[in-house]
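Visitor: Single-letter residue listing:
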Amino acid sequence: GAGVSQSPSNKVTEKGKDVELRCDPISGHTALYWYRQSLGQGLEFLIYFQGNSAPDKSGLPSDRFSAERTGGSVSTLTIQRTQQEDSAVYLCASSPSQTAGYTFGSGTRLTVV
Amino acid sequence: GQQLNQSPQSMFIQEGEDVSMNCTSSSIFNTWLWYKQDPGEGPVLLIALYKAGELTSNGRLTAQFGITRKDSFLNISASIPSDVGIYFCAGFPNFGNEKLTFGTGTRLTIIP
Chain A
1176 GAGVSQSPSN
1186 KVTEKGKDVE
1196 LRCDPISGHT
1206 ALYWYRQSLG
1216 QGLEFLIYFQ
1226 GNSAPDKSGL
1236 PSDRFSAERT
1246 GGSVSTLTIQ
1256 RTQQEDSAVY
1266 LCASSPSQTA
1276 GYTFGSGTRL
1286 TVV
Chain B
153 GQQLNQSPQS
163 MFIQEGEDVS
173 MNCTSSSIFN
183 TWLWYKQDPG
193 EGPVLLIALY
203 KAGELTSNGR
213 LTAQFGITRK
223 DSFLNISASI
233 PSDVGIYFCA
243 GFPNFGNEKL
253 TFGTGTRLTI
263 IP
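Here the protein sequences come in this chain order: A and B. Mind the numbering: the first sequence is residues 1176 to 1288 in the numbering used here, read in order. Mind the numbering: the second sequence is residues 153 to 264 in the numbering used here, read in order.
Just to be clear, a hint being listed does not mean it is correct.
Cβ-to-Cβ under 10 Å is the rule here; a few derived chain B residues that face chain A [stated by the list, open to error]: (1) 156; (2) 158; (3) 183; (4) 187; (5) 193; (6) 194; (7) 196; (8) 200; (9) 203; (10) 204; (11) 240; (12) 250; (13) 253; (14) 254; (15) 257; (16) 260.
Just so you know, the hints here were simulated from the structure itself, not pulled from any lab data. All C-beta atoms in this analysis are idealised placements derived from N, C-alpha and C, irrespective of residue type, glycine included.
My request is simple: use the sequences and hints to build the entire structure.
Guide: Below is the structure:
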């Protein structure tokens, strides 16, 4: 598609459940990023994929968080055993190169109750 | 890690006023970007700056890459209601570092 697509747009889950968030980047963009935005806060880096290189996972807050990118395109962010502090908007972005500006999706708003 | 200090945190202005916001860092950045985020949406790129001293305009928006490479400024002239939102500065800290670092944002509100 023309932009970065994220699904679902909203997700409410019970504490302790696992969730999967999906990101479909712009076709041809080799770099894909996940950020987290808590209410009224800035963007917190989570993980970065570039081509076939090993992902940069340095921003993942705990081992409950993981992400994969299949075939260099779609990415899935998985949060296991969700906690209330995981509630936030999860933003995905892609870019055509390592130092180009990112194009963001509209995000997935996750609420853990 | 790298941090960007963005100010002010919030602004309340009247329609038609000019707006200025800035972003500073304790270390050098090689690229500065300014994004705007509307409610319920992801940030959208407004302006990109690649050289120290560069001054770039996009309509009523003007941004500058500071000479020291440690700061950047965004100005909005003659604000209109659709300028409401959160503005983020962002930058690539150094060559070879592919992750954008974001500022904490400036929330712009226009008073009727």
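Visitor: With reference to the structure, classify each hint as holding or not holding.
Guide: Status of the hints after comparison with the structure:
1. The interface hint given for residue 156(B) holds, since its Cβ lies 8 Å from the closest Cβ of chain A, which is under the 10 Å cut-off.
2. The interface hint given for residue 158(B) holds, since its Cβ lies 8 Å from the closest Cβ of chain A, which is under the 10 Å cut-off.
3. At about 6 Å, the closest approach between the beta carbon of residue 183(B) and any beta carbon in chain A falls short of 10 Å, and the interface hint on this residue holds.
4. At about 8 Å, the closest approach between the beta carbon of residue 187(B) and any beta carbon in chain A falls short of 10 Å, and the interface hint on this residue holds.
5. A distance limit of 10 Å between C-beta atoms decides the matter here; for residue 193(B) the minimum to chain A is near 5 Å, and the interface restraint holds.
6. Interface hint status for residue 194(B): upheld, as the beta-carbon distance to the closest one in chain A is roughly 3 Å, under 10 Å.
7. Look at residue 196(B): its Cβ gets to within about 7 Å of chain A, closer than 10 Å, so that hint holds up.
8. Interface hint at residue 200(B): satisfied, since its Cβ lies 5 Å from the closest Cβ of chain A, which is below the 10 Å cut-off.
9. About 13 Å separates the beta-carbon of residue 203(B) from the nearest beta-carbon of chain A, more than 10 Å, and the hint is not met.
10. Because the smallest distance between the Cβ of residue 204(B) and any Cβ of chain A comes to about 16 Å, over 10 Å, the interface hint for this residue is violated.
11. Taking 10 Å as the C-beta cut-off, the interface hint given for residue 240(B) holds, the closest approach to chain A being about 7 Å.
12. Because the smallest distance between the Cβ of residue 250(B) and any Cβ of chain A comes to about 4 Å, under 10 Å, the interface hint for this residue holds.
13. Given the 10 Å rule on beta carbons, the hint for residue 253(B) holds: about 8 Å separates it from the nearest Cβ of chain A.
14. Contact between residue 254(B) and chain A, as hinted, is supported at the beta carbon level, the nearest pair being about 4 Å apart and thus within 10 Å.
15. Checking residue 257(B) against chain A by beta carbon gives a least distance of about 5 Å; that is within 10 Å, so the hint holds.
16. Checking residue 260(B) against chain A by beta carbon gives a least distance of about 14 Å; that is not within 10 Å, so the hint is violated.
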